[in-house]
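What follows is the residue order along each chain.
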Amino acid sequence: MSATSPIADLTYRDYDGPMNSADHRWWAIAKMMMRMAIARKGFWACALLSGWFYVVMMVVFYFVDVAQSSVGPAQINYFKTVNWKDQFVTGMSTAQLFLFIVALIIGIGTIANDNRANALLIYLSKPCTKLDYLIGKWVGIFIPIYCVALVPGLVFWAYIAMSFREYGSVSSAPWVPLQLFVISLFPACILASLCVGVSSLFNQGRTAGFTLFGIYFIANIFTKMMQGMHFVAPDNRFITDLFYSSIDGLSFGLSKLAMFTDGSLPMVQKAQAGAEIGRPDAWFMFPAFIAVCALSVWIAWIRIRPVEVVG
Amino acid sequence: MNVAEIHGLTVRYGAFTALNNLSVSIPEGCIGLLGPNGAGKTTLLKTILGFVDPAAGGGKVLGFDIATQGKQIRQQIGLMPEQDCHIPGMTAVTFVAYAGELAGMPKEHALRRAHEVLEYCGLGEARYRNVETYSTGMKQRIKFAQALVHGPKLLLLDEPTNGLDPRGRDEMLDLVRSVSHGKGVNVIVSSHLLPDIERTCDEVVLVMNGQLRASGLISELKKIEGHPYDVELREPCPGFADIAVKNGGELLDSRSNTYRIIAPGVREDAVKFLLKCANEAKVQVRGLIPAERSLEDVFLNAISDKPTFDIPGAEK
Amino acid sequence: MIVLEGVSRWYGQVIGVNDVSCMLKPGLVALLGQNGAGKTTLLRMITGQLRPTTGRLTVFGEEPFANPNVLKRIGYCPDVDNFYENSTGRAFIQFLAELGGMPKKLARERTEEMLQVVGMSHAADRRIAGYSKGMRQRIKLAQAMIHNPDVIVLDEPLNGLDPVGRHEYIAMLHSLANEGRLIVVSSHILYEVETMTKSLLLLHRGRLLAEGDLRVIRSLIDQHPHRVRVEGPVPRAIAQATLGLPNVLSLDLREQEGYVEIEVTEPEMFYRELSEMVLSGKVELTGFSSPDNNLESVFRYLVTT
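Protein chains in written order, with my numbering: chain Y, 1 to 311; chain V, 1 to 316; chain X, 1 to 305.
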């Protein structure tokens, strides 16, 4: 409304409001990715389901606790046999499938659908560079997956730290919270990189999704075969390492390394622990991890590079 | 104040020289950018957007250096690309608001402004639908809206009427004209459709073979020396032309029932002179307009090796 | 060559083409209409991709649907860009020629000829993915012409060409039409259609709205009065002087822009009287013209009423 006229001029006017700097535009892209991710019901369903192991264990611990306190301690207090640290490794392992599904929901389609819609032209016509685009997409997938991987573990740790301190839940593994922050990085990095890489190869989100699923599935079959061979040759380090060479396996193996444990099956006595395959070699896992992430991101970069905004 | 100043710019892609020592100043207002395909126009557009790596020379767009401040330039420019493009999976409002955020606007401002701009572009309730369901005309308007949302000082429109039917074309050209005249937004229109350029722009810049070939006001470029008139008769009548010449006029051209004649004497008397000749020849005049070259003729003449007329502002 | 009798085609509830009847003879015909008017549907039926739901459509006396006899005499240049992007221009055209049944040697020769004609010989060995829009249009035309068809159907063929390219393309179309072929061009760029041909076929919301020569159509729109724009130093005076004439229906006075737009019912009489008024000094003007006589105005009028 101007001072002189009661009728406002609603035609086009200039924008002279605040503007952020033209750098770090990747954050705007990442924010939008995350906004769209949390708007999907499937994301929340998988996020909640990913912590199923922790939920089950919390219920089990709670009822055993209640039973023990009412009936009186048995010969061996159940809680003295629990390996607290390994619960988190198992939790991370059981969450892998759901983390993968989250990646399929929020991440695998993005660059593929952008390819079909020619979206990169829009980005490039703003102060976004191709690097901004790639980083933004990557971070926008990384952060949600990281949170989904991290939060259930932290919640579980808070529960056992508060309830079972006298059984050594904190003292036997004091670094667990910090380690949780570290091991959540692994699946988030791997999945974000793979999503970005595989998605950039296709023009349809669905095709990219099927391809990634195919990779996931075949790698898992391979590691199952390795598991079988491990029974035959339990001391072969190479087979042990190969057991961890799948999308799930990389995160699982790296978690074991970061938590300095060989892992153990839940609710199983130590004597039967031979069924669990030990931790892999660090010199195998870390390069494999870096190679997978770097290769995927490099593929995405190559695919994005030749797009011209004016043609 | 010029919107862009380029001097001595040379751009190479490998062995191919796209721009060769190009110097051009693009003034404020609504400017048409013309040029044959593959002759440097696309590279000039990329230059204005701050995408090129000059082999020699340089320039400024909106005060920012083209070689080093590309991002800042693109924050101040709105580009409406020629090809179909959108961000998948969004409604029009979300898309335009996102475009604003990408340019640097804070989220709330971006959303508010997206609604304003979509209203200006004539998209009512349809703005809440997914962009993928849109017709061609609406898609073009969305592209226009996403270019405008962050309040750019310079709008770059690449073939804005691409794929539009005649009515859509009318509406888009009206939109371009209204935003460039009276709203203070500088516009550069790049198009092969010269009547579109004539309708929206006041000046043109013609680039060919990597160099500036011609530039200037459209009205100046279209002028023909001697102020001839195009006389359209009801039917062809060579007698009319003869009478006009006999009385001191000069016949420049004739095409079925239209004759291009320079009348003798002062300009004010030209109309009367021509009507009198028609009267004498007993033929009815259906149209009498000061003759102008079409912009297309100007263009074709400028790019040919043997120009048939001189263009003011052309590089020799 | 092409005869349509009561042809309709619909998709579920949506009508594509509604009861169109016309005859197309050799020459250059322009198919016009807004987006969604049914042009693409009509072209698809002519090129044998769709069957009419009702009515009869024949090309050379036979129905074109899945009919090789007819299809081998039709060349089609669609508006979509669906190439084998990794193929070279030359390979693509030759492949399509062979696909149409041409023996390999002949296909190769004709490919070279066509590349020459459309001016793509120098770029024919590059991958199509690297072609500009204009180059793709030329490739499309080459493959449409290669088997020497009697009917060529072109959907938005000028898109992406620069003015020089347009002129050359239109000249090519003219020469093809002069050889006795029927060329059907669908385009939105009306000022260009005007230079190409005066024969029109105008579709609106699936129905045939107008058919024939532009000038005849224009002269028959007599419910639409003739508009004359008169420019002069004092437009108001022109308005005052002409208002007294009996066949003036309305005046639109634009003093700022320097003209008056006058609607008249009998142009013949009006022009005579205008001329007299100028010669007798009653009216001073710098020019007059009718903005109505072009394809764009005719189109706009026909489509908006």
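Watch out, some of these pointers could steer you wrong.
[As the list claims (entries may be wrong)] Take a look, some chain X residues computed to stay more than 12 Å from chain V by CB distance:
no.	residue
1	I2
2	G55
3	R56
4	E98
5	L99
6	G101
7	N159
8	L208
9	Q240
10	R254
[To be verified] In silico DSBU-like cross-links for lysine-lysine, where the CA-CA straight-line distance does not exceed 35 Å:
no.	chain 1	residue 1	chain 2	residue 2
11	V	K222	V	K139
12	Y	K41	V	K60
13	V	K60	V	K272
14	V	K60	Y	K130
15	V	K222	X	K198
16	X	K198	V	K272
17	V	K306	V	K223
18	X	K282	V	K223
19	X	K105	X	K72
20	X	K198	V	K306
21	V	K139	V	K46
Note that these hints are calculated values from the structure, not bench results.
Backbone N, C-alpha and C fix where the C-beta goes; we use that ideal spot for every residue, glycine too.
Hinted pair Y/K41 and V/K60, Cα distance within 35 Å: Violated - the C-alpha atoms of V/K60 and Y/K41 are around 49 Å apart, more than 35 Å.
Proposed proximity, Y/K130 with V/K60 (alpha carbon, max 35 Å): With Cα atoms ~23 Å apart, V/K60 and Y/K130 stay inside 35 Å; holds.
Non-interface claim for X/L99, where every Cβ of chain V lies beyond 12 Å: Given that every Cβ of chain V is farther than 12 Å from that of X/L99, nearest at about 29 Å, it holds.
Pair hint X/K105 and X/K72, alpha-carbon separation not exceeding 35 Å: holds, 18 Å
Hinted pair X/K198 and V/K306, Cα distance within 35 Å: Holds, because 31 Å separates the two Cα atoms, which is no more than 35 Å.
Minimum Cβ distance from X/L208 to chain V greater than 12 Å, as the annotation requires: Holds, since 17 Å exceeds 12 Å.
Restraint status (C-alpha distance of V/K222 to X/K198 at most 35 Å): holds, 27 Å
12 Å cut-off, C-beta based - X/G55 kept clear of every residue in chain V: Nearest chain V Cβ is 25 Å from X/G55, so the label holds.
Pairwise hint evaluation, V/K272 against X/K198, where the allowed Cα distance is 35 Å at most: holds, 33 Å
12 Å Cβ clearance of X/R56 from chain V: X/R56 clear of chain V: closest Cβ-Cβ about 29 Å, beyond 12 Å.
Least C-beta distance between X/R254 and chain V, which was stated to exceed 12 Å: holds, 16 Å
Agreement of X/K282 and V/K223 with the hint, judged by alpha carbon distance not exceeding 35 Å: Between X/K282 and V/K223 the Cα gap is close to 29 Å, so the pair holds against 35 Å.
Hint compliance for this structure: hints 7, 12, 13 are not met, and every other hint is.
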